[in-house]
Amino acid sequence: MSASVDEVGADTEPWYRRERVLDVVGLLARLFLGIVLIVAGIAKVGRPLTAQRAVQAYEIMPMGLAGYVGLALPFLEIVLGILLVLGLFTRPVAIVSTLLMVAFVIGISQAWARGLTIDCGCFGGGGQVGASETKYPQEIARDAGFAAAGLWLWWRPRTLAALDRVLFGH
9 MSASVDEVGA DTEPWYRRER VLDVVGLLAR LFLGIVLIVA GIAKVGRPLT
59 AQRAVQAYEI MPMGLAGYVG LALPFLEIVL GILLVLGLFT RPVAIVSTLL
109 MVAFVIGISQ AWARGLTIDC GCFGGGGQVG ASETKYPQEI ARDAGFAAAG
159 LWLWWRPRTL AALDRVLFGH
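The opening position of the sequence shown corresponds to residue 9 in my numbering, with each subsequent residue numbered one higher.
Bear in mind the hints are in silico, worked out from the structure with no lab data behind them.
A hint or two may mislead.
Stated by the list, open to error - Label-pair restraints from in silico Cβ distances: (1) Leu84 to Trp163: 35 to 45 Å; (2) Val110 to Leu57: 24 to 34 Å; (3) Val174 to Trp120: 41 to 51 Å; (4) Pro22 to Ala121: 22 to 32 Å; (5) Trp120 to Leu79: 36 to 46 Å; (6) His178 to Trp120: 34 to 44 Å; (7) Arg26 to Tyr76: 18 to 28 Å; (8) Phe83 to Leu168: 40 to 50 Å; (9) Met71 to Ala139: 38 to 48 Å.
Glycine included, each C-beta is placed from N, C-alpha and C at the ideal position.
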């Protein structure tokens, strides 16, 4: 005897609709994080000394190393962002992007805990600011949201309109 529709999963979505929704969520996460990374990188790439000073203001690494990080970070952000927008190597790029966002959250959190008064430098700028000008809670929440988008893509890299699908079939 066969089961009727009412008896088997009548209140569940068909698998293909669920997959489509997950693909759309992935696309939105990919574009959201990718565009943010591109914008952040572009905001810093033309101002290398400002980017270096922004990293040095966190006081968590030797000045020379912080200078190199400040020079390299904008290019890394742009490359990661472009790869995400294209949907190319989504899972590994999502892993690196998530780890980058976690590093930003840790950096901002330690600056706040140590009483440093700095601008994060995430979208250009950076360096010392007045105590009333810091926005640590908002910056941490923002970067945690970006990390969540990266975690989603790490967990489920399959998205719509991705080169991964065309080139690798997934």
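Hint check:
{"no.": "1", "hint": "Leu84 to Trp163: 35 to 45 Å", "in the structure": "violated (22 Å)"}
{"no.": "2", "hint": "Val110 to Leu57: 24 to 34 Å", "in the structure": "holds (27 Å)"}
{"no.": "3", "hint": "Val174 to Trp120: 41 to 51 Å", "in the structure": "holds (43 Å)"}
{"no.": "4", "hint": "Pro22 to Ala121: 22 to 32 Å", "in the structure": "violated (49 Å)"}
{"no.": "5", "hint": "Trp120 to Leu79: 36 to 46 Å", "in the structure": "violated (25 Å)"}
{"no.": "6", "hint": "His178 to Trp120: 34 to 44 Å", "in the structure": "holds (40 Å)"}
{"no.": "7", "hint": "Arg26 to Tyr76: 18 to 28 Å", "in the structure": "violated (46 Å)"}
{"no.": "8", "hint": "Phe83 to Leu168: 40 to 50 Å", "in the structure": "violated (28 Å)"}
{"no.": "9", "hint": "Met71 to Ala139: 38 to 48 Å", "in the structure": "violated (24 Å)"}
Hints 1, 4, 5, 7, 8 and 9, counting from the list given before, are not met by this structure.
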